[in-house]
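Visitor: Listed below are the residues making up each chain.
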Amino acid sequence: DAGVTQSPTHLIKTRGQQVTLRCSPKSGHDTVSWYQQALGQGPQFIFQYYEEEERQRGNFPDRFSGHQFPNYSSELNVNALLLGDSALYLCASSLVGAYEKLFFGSGTQLSVL
Amino acid sequence: DQQVKQNSPSLSVQEGRISILNCDYTNSMFDYFLWYKKYPAEGPTFLISISSIKDKNEDGRFTVFLNKSAKHLSLHIVPSQPGDSAVYFCAASEGGDDKIIFGKGTRLHILP
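Chains as they are written, first to last, in this note's numbering: chain S, 22 to 134; chain Y, 20 to 131.
No lab work stands behind these hints, which were simulated from the structure alone. One thing to keep in mind: the hints can contain errors.
What the hints assert, rightly or not - In silico lysine to any residue, SDA-like type, Cα no more than 20 angstroms apart, as pairs: (1) S:Lys122 to Y:Glu113; (2) S:Lys122 to Y:Ile72; (3) S:Lys122 to Y:Asn26; (4) S:Lys47 to Y:Thr45; (5) Y:Lys123 to S:Lys47; (6) S:Lys47 to Y:Thr64; (7) S:Lys47 to Y:Asp117; (8) S:Lys122 to S:Arg78; (9) Y:Lys123 to Y:Asn26; (10) Y:Lys24 to Y:Ile39; (11) Y:Lys90 to Y:Ser71; (12) Y:Lys24 to S:Leu60; (13) S:Lys47 to S:Tyr71; (14) Y:Lys123 to S:Glu73; (15) S:Lys47 to Y:Glu61; (16) Y:Lys90 to Y:Thr64; (17) Y:Lys90 to Y:Asp74; (18) Y:Lys118 to Y:Tyr51; (19) S:Lys122 to S:Asp83; (20) Y:Lys123 to Y:Lys73; (21) Y:Lys73 to Y:Ser93; (22) Y:Lys123 to S:Asp106; (23) Y:Lys118 to S:His88; (24) Y:Lys118 to S:Arg36; (25) Y:Lys118 to Y:Ile39; (26) Y:Lys24 to Y:Thr45; (27) Y:Lys90 to Y:Gln25; (28) S:Lys122 to Y:Thr64; (29) Y:Lys118 to S:Glu73.
What you are looking at is a predicted structure, and each value in this text was computed from that prediction instead of being measured.
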């Protein structure tokens, strides 16, 4: 049973560029959450998607947007990249209502130069 | 504004002894608490949780204690094993809220 898979694993971008990160949830899961983990910090909630809609959002600017597809996979888009966007981006999946049992992917390490 | 605080960045414990990881929170509306464990190059994995209606939850070698009046929880690992060396994140959520708030983590080193 495949767990949560994320691609790519590493990415290097320059300031001002746009980036798209991808996530496939664990089989049977219908909810995807995205977290940003900066160096030395804990994961910080960006947003959550369920039934192709953004269900809840953390304290992140509109430059961060997402999408969920009918097969429950999800994308995270970040526009106008800043140096401070350099971080590990984690995708987590769960069943709606069982949000506390998040299953995380290994993450995408984004470096903005 | 850190709502979940793990004030010890690292902790070293002898193999076989008890590891105690601490966590404080500021939001009195939190009613569900979790611990996640993270190995390098892997995502966090769920370890154990506790609801605010309980003060203790046990799962094998892992026990979480909750002191609501002090807004404090702790994770006890007994006995500590080499495979327990990892970063441990304390996390919390508010009733019905899908957003989970994480602390900065504590790196646990189990010494041979």
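Visitor: It remains to establish, for every hint, whether it holds in the given structure.
Guide: Okay, the hints, checked on the actual structure:
1. S:Lys122 to Y:Glu113: 15 angstroms, holds
2. S:Lys122 to Y:Ile72: The hint holds at about 18 angstroms.
3. S:Lys122 to Y:Asn26: 24 angstroms, violated
4. S:Lys47 to Y:Thr45: 33 angstroms, violated
5. Y:Lys123 to S:Lys47: 26 angstroms, violated
6. S:Lys47 to Y:Thr64: Holds, at roughly 13 angstroms.
7. S:Lys47 to Y:Asp117: Answer holds: Lys47 (chain S) to Asp117 (chain Y) is near 18 angstroms, not above 20 angstroms.
8. S:Lys122 to S:Arg78: 18 angstroms, holds
9. Y:Lys123 to Y:Asn26: Status holds; Cα separation ~8 angstroms.
10. Y:Lys24 to Y:Ile39: 15 angstroms, holds
11. Y:Lys90 to Y:Ser71: 10 angstroms, holds
12. Y:Lys24 to S:Leu60: Given that 20 angstroms is the threshold and the Cα spacing comes to 16 angstroms, the pair holds.
13. S:Lys47 to S:Tyr71: Roughly 14 angstroms between the alpha carbons, so the hint for Lys47 (chain S) and Tyr71 (chain S) holds.
14. Y:Lys123 to S:Glu73: Not satisfied, since the Cα-Cα distance of roughly 30 angstroms exceeds 20 angstroms.
15. S:Lys47 to Y:Glu61: Judged against 20 angstroms, a Cα distance of about 15 angstroms means the pair holds.
16. Y:Lys90 to Y:Thr64: 24 angstroms, violated
17. Y:Lys90 to Y:Asp74: Holds. Lys90 (chain Y) to Asp74 (chain Y) sits at ~11 angstroms (cutoff 20 angstroms).
18. Y:Lys118 to Y:Tyr51: 11 angstroms, holds
19. S:Lys122 to S:Asp83: Judged against 20 angstroms, a Cα distance of about 27 angstroms means the pair is violated.
20. Y:Lys123 to Y:Lys73: 24 angstroms, violated
21. Y:Lys73 to Y:Ser93: 13 angstroms, holds
22. Y:Lys123 to S:Asp106: 18 angstroms, holds
23. Y:Lys118 to S:His88: 17 angstroms, holds
24. Y:Lys118 to S:Arg36: Not satisfied, since the Cα-Cα distance of roughly 29 angstroms exceeds 20 angstroms.
25. Y:Lys118 to Y:Ile39: 26 angstroms, violated
26. Y:Lys24 to Y:Thr45: 8 angstroms, holds
27. Y:Lys90 to Y:Gln25: With a Cα-Cα distance of about 12 angstroms, the restraint between Lys90 (chain Y) and Gln25 (chain Y) holds, given a limit of 20 angstroms.
28. S:Lys122 to Y:Thr64: Holds, at roughly 9 angstroms.
29. Y:Lys118 to S:Glu73: At roughly 17 angstroms apart (the allowed maximum being 20 angstroms), Glu73 (chain S) and Lys118 (chain Y) satisfy the hint.
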